[in-house]
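Q: Starting from the structure of chain R, add chain W where the hints point.
Those protein sequences? They're chains R and W, same order as listed.
Mapping to this note's numbering: the first sequence position 28 is 21, numbers consecutive.
To convert a position in the second sequence, counted from 1, into this note's numbering, add 3.
Please keep in mind that the hints were generated in silico from the structure rather than gathered at the bench.
There could be a bad hint or two in this list.
What the hints assert, rightly or not - Now the stretches of chain W that chain R is said to cover, found in silico as 3 or more residues with beta-carbon under 8 Å:
#1 53 to 63
#2 296 to 303
#3 329 to 343
#4 374 to 385
#5 402 to 415
Ideal Cβ positions, reconstructed from N, Cα and C, are used throughout, including at glycine.
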Amino acid sequence: MKKVYVREEYCIGCHLCEVYCVMAHSRYPHDLLKAFKKGDPLPLPRLWVEEKGPLTFAFQCRHCEEPHCVSACITGALQKDTTTGVVTCEQERCVGCWTCVLACTYGAIRRDTKNGKMVKCDLCSNWGEPPACVYYCPNEALIFVERGE
Amino acid sequence: MEYVIVGNSAAAVGAVEGIRSVDQKGKITLISKEPYHTYSRPLISYYLAGKVTAEKMFYRPLDFYERNRVRALLGKEAVALDAVNKVLTVRELRDDSVQEIAFDKLLLATGSKPFLPPIDGLGKKKVFTFLSFDDARAISSVAVPGARAVVIGGGLIGLKAAEALTTIGVQVTVVELGSWILNTILDQHAALIVQNHLERQGIRFLLQTTCEEVLGNDEVEAVKLNNGAILNCDFVVIAVGVRPNTELVQGTLLKVNKGVVVDQRMQTNLPDIYAAGDVAEGYDLIYGKQRVLPVLPIAYKQGKTAGINMAGGEKEFPGGFPMNSIGFFGLSINTAGLIEPGGDGWEVLVKEEQRRQVYKKIILHQVRIVGFIILNEIDRSGILTGLMSERVSVGDFKESLLETPGLVNLPDGLRHARQFGGAQ
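Chain R with its partners taken away, still in its complex shape (with noise of 0.2 Å):
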């Protein structure tokens, strides 16, 4: 399947990935202004960017083909999309647990304490091709392509 992938040599840390992972998943995801002035409460970014030094790069899920994640998930909300292969969340059924975050190997899931809530990149999935972190990245640091396993 298609996934996001980084090459890090291009990125500069701008998190301009994350402002637009944003926009994507709030209540106006195709237009910036308004998802952040209008947009309260705002989501969190579904990547991370990590830095040290000169070294920055932008990370998400895998959407791995035996997802941790999925096995570990208490309620079953957590499933891997058997067609498309995106491992999503269904939001309501999630109680918080942090069952995901002790699993994801990649540290890929953040938690939303606020909602008491996982969120984790669904691939844009309802926004658009290809995802938003990297149609809007400056660099092409971020890829969204097909490698194989």
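A: Quick look at chain W alone, frame taken from chain R:
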């Protein structure tokens, strides 16, 4: 092909999904004593606390059996196994009628049952265990605000019950035999932080204490403790641990240790019979031997592994270790593997911030992570889980382990492997 699954929780559901990933045609029959659609067992404490309704307890969508073409025999108990002729005897709980069901491949996913300590008077009314939806419903019916409860056992189950009861206004006293609470997953230091937190919410603890007798005529009125004290109460919850539910296989040819003995394909000593979940002994990566690993993520994985193999696929359970993510009144706890170091070749990394109730302890053996305890600062803890299950030598970046885990701290090779996302 006739597949029969005994059980209806994580391992059983994993097996259904495993079988169907290989074999779309074979017949699957699932037998469960509990008369309910598959539900999430850990959610019973959320149900008791009023945070999740009965309708939201389901572990898989309501069309799960239909979609996977499973004949679900709910409210029926498998009472006898003829392992030689491959026949199960099943009793209908409503009318005690009995039927025989033949199988080609059988999965035992019967889970755990509560361990009942030798305490006099356990047969009285309003003495409960806390493992099933029925338990939660029964407790719910007596757990009115202002009621007084004694919870016997300060482990995961007992404390989740105590938290839920406190949330709905019950006065709770926890009686624990050990020197500290949650002693299977926390060291004494972490346990004290959690205990203080729970005490601030109103829960009372009696440590190094046992209950000798449940007092009352027909119904619980009090418990008598080993120090002679009498605690008046309206109901009692027994939560001193669980045991593999191996009843069905006692006296058969199946090899049983503490749990049912299986190989890495989750097959028992008999070729067509498999076991998974709390009833089985899976491979513990840290201990390096088979043992019962009664946690949900492992149950699901073992069930799926068993299902794939039952259907003719090839899959091994790679091994696991106990891991728990649990929270009490907003304090989050993540633990995995061992909680105390041994002698030579062991190292312990510790960080603490009292004000934020942050505690982090990572145990290394021969420069590999073999266990950790994290209070509150649990973000991205799974990165540590991954280093642990992959047995990565962490010598080169050890000093960064106490920070919030990030891929940025890993050596190039490990980081790139994770960025490219092939590693499982």
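Q: Evaluate each hint against the coordinates.
A: Going through the hints against the structure:
no. : hint       : verdict
1   : 53 to 63   : holds (count 6)
2   : 296 to 303 : holds (count 3)
3   : 329 to 343 : holds (count 5)
4   : 374 to 385 : holds (count 5)
5   : 402 to 415 : holds (count 5)
Violated hints: none; the structure is consistent with every hint.
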